[in-house]
Each structure stands twice: as structure tokens, then as C-alpha cells.
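With the hints as extra help, turn the sequences into a complete structure.
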Amino acid sequence: MAGEKAGRRTGEPYVPDLHMRLRSELGRIDEQLRALLSSMDRLQGLLDAVMAISREVELPAVLHRIVTTATELVGARYGALGVLDESGERLGQFISAGVTERQREALAEAGLPRGLGVLGHLIRYPDPLRIDDIQAHPSSAGFPAGHPHMRTLLGVAISVRGEIYGDLYLSERTDGQPFDMHDERVVVALASAAGIAIENVRLFERIRLGAEQFQRLLLPTLPGLRPFAAAAIYRPAAEPSQLGGDWYDAIPLPDHVVAVVIGDVVGHDLQAAAAMAATRNMLRALVFEQSSPARRGPRPARPDPGDDHEQPRHDHDPGPHPTGGIRLVTELEHRRSRSAAGGHP
Numbered sequence: 001m002a003g004e005k006a007g008r009r010t011g012e013p014y015v016p017d018l019h020m021r022l023r024s025e026l027g028r029i030d031e032q033l034r035a036l037l038s039s040m041d042r043l044q045g046l047l048d049a050v051m052a053i054s055r056e057v058e059l060p061a062v063l064h065r066i067v068t069t070a071t072e073l074v075g076a077r078y079g080a081l082g083v084l085d086e087s088g089e090r091l092g093q094f095i096s097a098g099v100t101e102r103q104r105e106a107l108a109e110a111g112l113p114r115g116l117g118v119l120g121h122l123i124r125y126p127d128p129l130r131i132d133d134i135q136a137h138p139s140s141a142g143f144p145a146g147h148p149h150m151r152t153l154l155g156v157a158i159s160v161r162g163e164i165y166g167d168l169y170l171s172e173r174t175d176g177q178p179f180d181m182h183d184e185r186v187v188v189a190l191a192s193a194a195g196i197a198i199e200n201v202r203l204f205e206r207i208r209l210g211a212e213q214f215q216r217l218l219l220p221t222l223p224g225l226r227p228f229a230a231a232a233i234y235r236p237a238a239e240p241s242q243l244g245g246d247w248y249d250a251i252p253l254p255d256h257v258v259a260v261v262i263g264d265v266v267g268h269d270l271q272a273a274a275a276m277a278a279t280r281n282m283l284r285a286l287v288f289e290q291s292s293p294a295r296r297g298p299r300p301a302r303p304d305p306g307d308d309h310e311q312p313r314h315d316h317d318p319g320p321h322p323t324g325g326i327r328l329v330t331e332l333e334h335r336r337s338r339s340a341a342g343g344h345p
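Under my numbering, read the sequence shown as residues 1 to 345, first letter to last.
Hints listed in this document are in silico derivations from the structure and should not be mistaken for laboratory results. Errors might be hidden in some of the hints.
What the hints assert, rightly or not - Computed spacing ranges between beta-carbons, pair by pair: (1) Leu59 <-> Arg216: 41 to 49 Å; (2) Leu203 <-> Pro252: 35 to 43 Å; (3) Asp255 <-> Leu203: 48 to 56 Å; (4) Arg161 <-> Ala230: 21 to 29 Å.
Glycine included, each C-beta is placed from N, C-alpha and C at the ideal position.
In C-alpha cells form, the structure reads like this:
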């Protein structure tokens with residue numbers, strides 16, 4: 001033993017000690033790699049969540065998607081989104097996820113959460129809020145009858161154009177642990193993307209409403225067609241850019257005659273909408289002209305092919321917009337109809 005100690009250089013560590021250090025270092029590296037992979041998974045999940053929210057074009061669907069994706073990102077059992085009313089001090093809408101139908105029915109009897117207790121605390125102080133014990137929080141006001149048991153809470157405000165739109169609430173991680181800083185950062189990032197998605201879908205709805213009103217203004221009001229009954233159903237395109245196209249008209253004529261026209265203009269844009277309106281007005285003029293010879297004036301002389309005078313040219317060509325239509329002429333007094341069709345294939 002003395003010889004072995006004498007033969008070992010001063011300061012040389014024992015081999016077992018070196019193995020212990022290597023194992024400790026490898027364990028630390030393994031933990032760091034696992035944390036890195038977990039962070040990458042969360043970032044990918046956050047990206048997927050943002051993309052899923054951005055694909056929605058209806059506000060109720062966007063709000064529900066925000067709640068469900070938030071619960072999935074942090075592994076929460078319950079989630080909710082409270083939308084503030086016009087006063088900004090109370091909740092006007094409450095979208096929840098995770099509760100059972102029986103619990104939902106029981107909570108419906110208690111009424112919509114108004115923003116009291118801990119929920120009200122987040123309304124008054126819109127900073128991220130993490131609570132490990134809801135009942136012990138100074139702002140806690142208890143739970144209504146039938147409410148599921150909740151101990152932990154993570155709350156984050158959602159802003160739209162610099163104003164608080166609502167608050168996102170998450171409760172009870174499925175692993176039983178309280179929410180941590182990583183959860184808070186993920187939900188804060190999601191809330192930022194949610195605010196942008198909400199603003200985009202509200203803008204989309206305003207554009208779609210304007211496009212629908214524009215399309216309806218191009219359509220006529222059906223006149224009285226007694227003894228017949230007339231009604232029309234027009235469904236505007238879901239996409240705001242899909243304007244023009246289909247149209248109809250009903251034109252009362254002399255001698256108890258009504259001309260009903262249904263047509264279609266190729267294309268779905270502002271140019272097609274303009275062509276649709278021009279075609280409808282042109283057909284109205286033609287129908288009146290054909291139905292009342294007394295109103296027709298002398299036709300303009302056609303240009304002589306041998307005439308040397310240069311004909312006016314139009315520099316602006318709106319492009320072809322082929323149309324198709326069906327004209328139905330109904331004689332109310334004799335209760336009979338004549339029809340004609342033509343246009344693009």
C-alpha cells in the first residue's frame with residue numbers, strides 16, 4: 001500500500017473520483033439536452049398554435065381555439081377566456097374548456113362570471129398572474145355551487161390595438177404541479193399572437209360585411225306580381241373578394257306583363273360586379289324598348305364601311321366579361337310564360 005501511494009503522483013485523482021465526476025457531468029448535460037428538447041417542443045407547439053388560430057376566419061372559432069390551444073400548450077385541465085364588456089370592468093362573454101356537460105349546466109344556473117374575485121383582480125391589474133393556491137389569495141371570493149375544484153391559476157391579459165380585450169385563465173396542470181415561469185412565458189407569447197388574430201378576424205368581418213352590403217345594393221327589390229308570388233334568396237360569397245357574378249331582376253311592363261331575368265357574369269371581382277350592374281341596366285332598357293314601340297326613337301345610322309371618317313376609339317378596355325342569362329316573360333292576365341336563354345357556356 002505504501003509503495004502504491006509512493007508511486008502515485010502528487011495531485012493525481014483517484015480513478016473512482018474521476019468516474020463520479022464524468023457521470024455527474026454527463027447527467028448535467030443530459031438534463032440540459034432534455035430541457036432544450038422540451039423548449040423546442042414548446043416553441044413548435046406555440047408556432048403550431050399560432051398558425052391554427054390564424055387560419056380561423058370566424059370570431060367565435062378564434063376565441064375557442066385560443067382557449068383550447070392554451071390548455072394544450074401548458075397541459076392545463078381547465079381553460080377559459082373572459083371577454084370584457086364595453087365598460088371594460090366586467091366580463092361580457094366567457095368561453096370555457098375542460099368542464100363536463102353536467103358542470104356546465106350547474107354553472108349556467110349561477111350565471112355568467114362577472115369578473116369578481118381573482119378574475120376581477122386580473123381585470124384591474126392586467127399583469128401575468130400565477131397563483132399556487134386560489135383560496136389563499138387575498139382577492140379570492142370562493143367558487144359557485146357546482147364549480148369544479150381548482151387550486152392553481154395562470155392568468156394573462158389579451159390586448160387588441162393597445163386595449164385590454166379580455167383575460168385568458170388556465171387552471172390545474174395535469175401533472176399536479178403549479179404553473180411555472182416557462183408556462184407563463186408561453187401563454188404570454190400566445191396571448192400576443194391571439195390579440196393579432198382577433199384584430200385580423202374583426203377586420204375581415206368588417207370587410208366581409210361591407211362586401212355583402214355592396215352586393216345586396218346591386219340587386220333589385222322585387223315588385224308585386226299578383227296573382228303570382230315572387231321571392232328571391234341571395235347568398236353572398238363568403239370571401240370578401242368574391243364580388244359580382246350572379247344576379248336577377250323582375251321588370252313590370254305594360255299590359256300586365258312581367259319580365260324576369262336571371263343572369264351570371266364570369267368572374268368574381270369589382271370589374272365583374274360593375275359588368276353585372278351594367279348588364280342588368282342594359283337589359284332593363286332593352287326590355288322596355290321592345291315592349292313599348294311608341295317609346296323607340298329613330299335608330300342611329302350605322303357607319304358606312306366606305307366612310308373615310310375615323311371612328312372614335314376607346315383607350316380603356318375593361319376586358320371581356322361573358323354573361324349568361326335566362327329571360328322569362330310572364331303575362332299575368334293570361335297566365336302564360338315565354339322564356340329564352342343564352343350566354344357563355
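For each hint, the structure was consulted:
1. Leu59 <-> Arg216: 41 to 49 Å: violated, 22 Å
2. Leu203 <-> Pro252: 35 to 43 Å: holds, 42 Å
3. Asp255 <-> Leu203: 48 to 56 Å: At 51 Å between Cβs, range holds.
4. Arg161 <-> Ala230: 21 to 29 Å: Violated: the Cβ-Cβ distance is about 46 Å, outside 21 to 29 Å.
Taken one by one, the earlier hints fail for this structure at numbers 1, 4, listed in ascending order.
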